[in-house]
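Novice: Generate coordinates for the entire structure from the input sequences, incorporating the hints supplied.
Residue-level listing of the chains:
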Amino acid sequence: MIDFVCRHLRPAITSIGGWRASSTDLLTPLISTLNLNSSISITKSRNWIFTPTDQNSRSMTMDLLAESQKSGNIVLFFWHVIHLIISALYIVREILRAIESYLITNGYVKTHTNLNLDRVKYLGIVLDSDEARNTSQVVELLEWLSAIGVKKVCLYDREGVLKKSKEVFMERFGYAKIPNEKLVSNPLLSKKRMDFEFVSISDGKELVAKAANLLFKKYYVDADSEKPFFTETHLTDALKTLGAVEPDPDLLLIYGPVRCNLGFSAWRLRYTEMVHMGPLMYKKYGLILKAIHRFTKVKQNYGS
Amino acid sequence: MDPSSLTSNKEGSQGYQALYDGLQADAMPKHVTLFLDGASRGQLKDIARICCDLKIKVLSVFTFSSGKDYQNLLMSKHEEIHDVATNIMKLDLEDLSRVSVIGKRTVIPDSLLEIIRDVEETTKKNKSLQIIEAIDYTGRGDIIQACMALAEKVEHGLIQPDDVDENVFQQELETKCSEFPNPDLMIRTDGKYSIDNFMLWQMAYAELYFVEKDDFGFNKTKFIEALDAYQKRSRRFGGK
Numbered sequence: 134m135i136d137f138v139c140r141h142l143r144p145a146i147t148s149i150g151g152w153r154a155s156s157t158d159l160l161t162p163l164i165s166t167l168n169l170n171s172s173i174s175i176t177k178s179r180n181w182i183f184t185p186t187d188q189n190s191r192s193m194t195m196d197l198l199a200e201s202q203k204s205g206n207i208v209l210f211f212w213h214v215i216h217l218i219i220s221a222l223y224i225v226r227e228i229l230r231a232i233e234s235y236l237i238t239n240g241y242v243k244t245h246t247n248l249n250l251d252r253v254k255y256l257g258i259v260l261d262s263d264e265a266r267n268t269s270q271v272v273e274l275l276e277w278l279s280a281i282g283v284k285k286v287c288l289y290d291r292e293g294v295l296k297k298s299k300e301v302f303m304e305r306f307g308y309a310k311i312p313n314e315k316l317v318s319n320p321l322l323s324k325k326r327m328d329f330e331f332v333s334i335s336d337g338k339e340l341v342a343k344a345a346n347l348l349f350k351k352y353y354v355d356a357d358s359e360k361p362f363f364t365e366t367h368l369t370d371a372l373k374t375l376g377a378v379e380p381d382p383d384l385l386l387i388y389g390p391v392r393c394n395l396g397f398s399a400w401r402l403r404y405t406e407m408v409h410m411g412p413l414m415y416k417k418y419g420l421i422l423k424a425i426h427r428f429t430k431v432k433q434n435y436g437s
Numbered sequence: 002m003d004p005s006s007l008t009s010n011k012e013g014s015q016g017y018q019a020l021y022d023g024l025q026a027d028a029m030p031k032h033v034t035l036f037l038d039g040a041s042r043g044q045l046k047d048i049a050r051i052c053c054d055l056k057i058k059v060l061s062v063f064t065f066s067s068g069k070d071y072q073n074l075l076m077s078k079h080e081e082i083h084d085v086a087t088n089i090m091k092l093d094l095e096d097l098s099r100v101s102v103i104g105k106r107t108v109i110p111d112s113l114l115e116i117i118r119d120v121e122e123t124t125k126k127n128k129s130l131q132i133i134e135a136i137d138y139t140g141r142g143d144i145i146q147a148c149m150a151l152a153e154k155v156e157h158g159l160i161q162p163d164d165v166d167e168n169v170f171q172q173e174l175e176t177k178c179s180e181f182p183n184p185d186l187m188i189r190t191d192g193k194y195s196i197d198n199f200m201l202w203q204m205a206y207a208e209l210y211f212v213e214k215d216d217f218g219f220n221k222t223k224f225i226e227a228l229d230a231y232q233k234r235s236r237r238f239g240g241k
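Order-wise, the sequence lines are chains D and X. One rule links them: number in the working numbering = place in the first sequence (from 1) + 133. One rule links them: number in the working numbering = place in the second sequence (from 1) + 1.
None of these hints come from the bench; they were simulated from the model. All C-beta atoms, glycine included, are put in the ideal place defined by N, C-alpha and C. Nothing false has been slipped in among the hints.
Just so you have them, the derived chain D footprint on chain X, three or more residues with Cβ under 8 Å:
#	segment
1	148-159
2	164-170
3	181-195
4	206-215
Specialist: Here you go:
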């Protein structure tokens with residue numbers, strides 16, 4: 134936090150001592166008020182070049198130059214102060230979110246205790262690939278989801294890191310097998326059980342292009358075959374043939390520094406609600422409850 | 002930051018100078034997608050003006066309404082595209098915006114189609130801002146029509162099925178009318194957190210900015226706030 138504050142304070146301090154100009158609008162009315170014969174031009178490096186054309190006003194223009202330099206710095210200083218205040222407000226907001234999560238987690242906020250999980254049939258988790266490498270954090274997240282009662286989860290990261298680690302998750306949350314391959318009827322394990330789908334960038338746009346290829350080869354290469362007008366059903370069936378059999382996620386929780394879906398399968402995001410949860414290492418149980426609760430309360434029009 | 006380096010229209014932008022302070026010209030999104038509810042529709046002109054000032058190249062607009070049946074929805078869209086088209090032509094900008102319309106034109110009456118073609122033709126040479134208006138457009142529908150366009154090429158032997166990849170697909174989408182087809186920033190103004198089947202393919206790496214609905218509605222100040230929030234986030238487009 135201290136480093137964050139200093140990063141924003143440093144430009145403000147620098148602007149006091151350094152030469153930084155603000156805007157033409159600041160200088161032009163000042164010059165016209167003093168009725169000086171002069172011109173202002175801007176170099177490529179955005180420094181001001183002030184060229185007095187009247188020799189008599191040269192000393193006055195030098196004073197003016199110093200004044201405008203000071204006033205430009207003052208304006209910039211105040212901008213950085215405002216920026217610092219807003220940044221501080223963001224810090225306060227994060228603190229409040231942490232408090233909110235604590236209150237929700239410990240049951241002080243009653244509205245989030247009874248979730249209508251029937252509305253969240255399929256939950257999607259998008260992870261930044263760097264963060265997905267932190268398996269312990271991912272396992273903890275899945276344990277929280279399991280405790281909430283989520284049964285079907287789609288895990289996505291762009292590079293397929295989660296796909297490579299899927300045995301870890303399947304062992305922890307899927308069916309447990311003993312050496313003679315009997316399924317364990319441990320009630321604790323069955324309560325924790327979740328169904329997983331692991332997807333990556335190859336299941337997104339690349340898969341749609343492959344599905345299109347499948348349709349072209351089936352209907353359009355052979356000159357004698359019937360050539361239908363493609364519909365969504367055609368493409369959906371082609372995607373299923375290629376292994377994309379799972380439904381569209383109802384809710385997508387995005388963990389990472391960037392608020393975008395990182396290339397998650399475009400075909401499956403029609404009416405999916407997306408919530409950015411912040412970096413995975415700062416995940417909070419209460420905020421997951423809040424996101425799911427909010428989703429269950431939203432009226433879905435599904436395009437109507 | 003010198004705001005005058007951002008602006009291209011000195012007269013129109015003076016009122017917005019204070020709003021532009023703090024924005025970085027080199028971190029401006031090239032393409033912004035705006036989900037506008039009916040109440041915020043009136044702000045479109047101001048937002049288009051800001052986009053021109055800040056050298057944002059493309060503004061795509063998706064307007065949704067609530068509770069209307071399909072015919073009424075289509076009629077209201079007709080009025081909206083007519084209003085947007087004529088309002089844009091009356092904007093006091095040095096370079097008028099270029100208007101493009103995407104969506105299924107088969108359901109639009111001929112009289113309105115004529116207006117759309119006229120506006121597109123009249124504004125096609127304008128360079129400062131392209132406004133993409135979506136009428137009866139869906140993301141999945143766009144992907145399907147790209148499939149059909151490629152299927153015809155396969156049928157005529159212009160392309161082999163195995164040559165079709167993401168890049169070839171992208172070039173057949175309706176946003177091929179734009180130099181910057183993929184949104185960098187998506188702003189939704191009605192408090193919902195989904196993209197509602199809009200530009201599904203194109204928004205793979207778009208920053209998603211959802212605005213909570215309030216009594217004041219979405220306005221130019223909130224638009225600038227969205228741009229400021231966009232510039233603060235690090236974007237890697239899926240890379241490292």
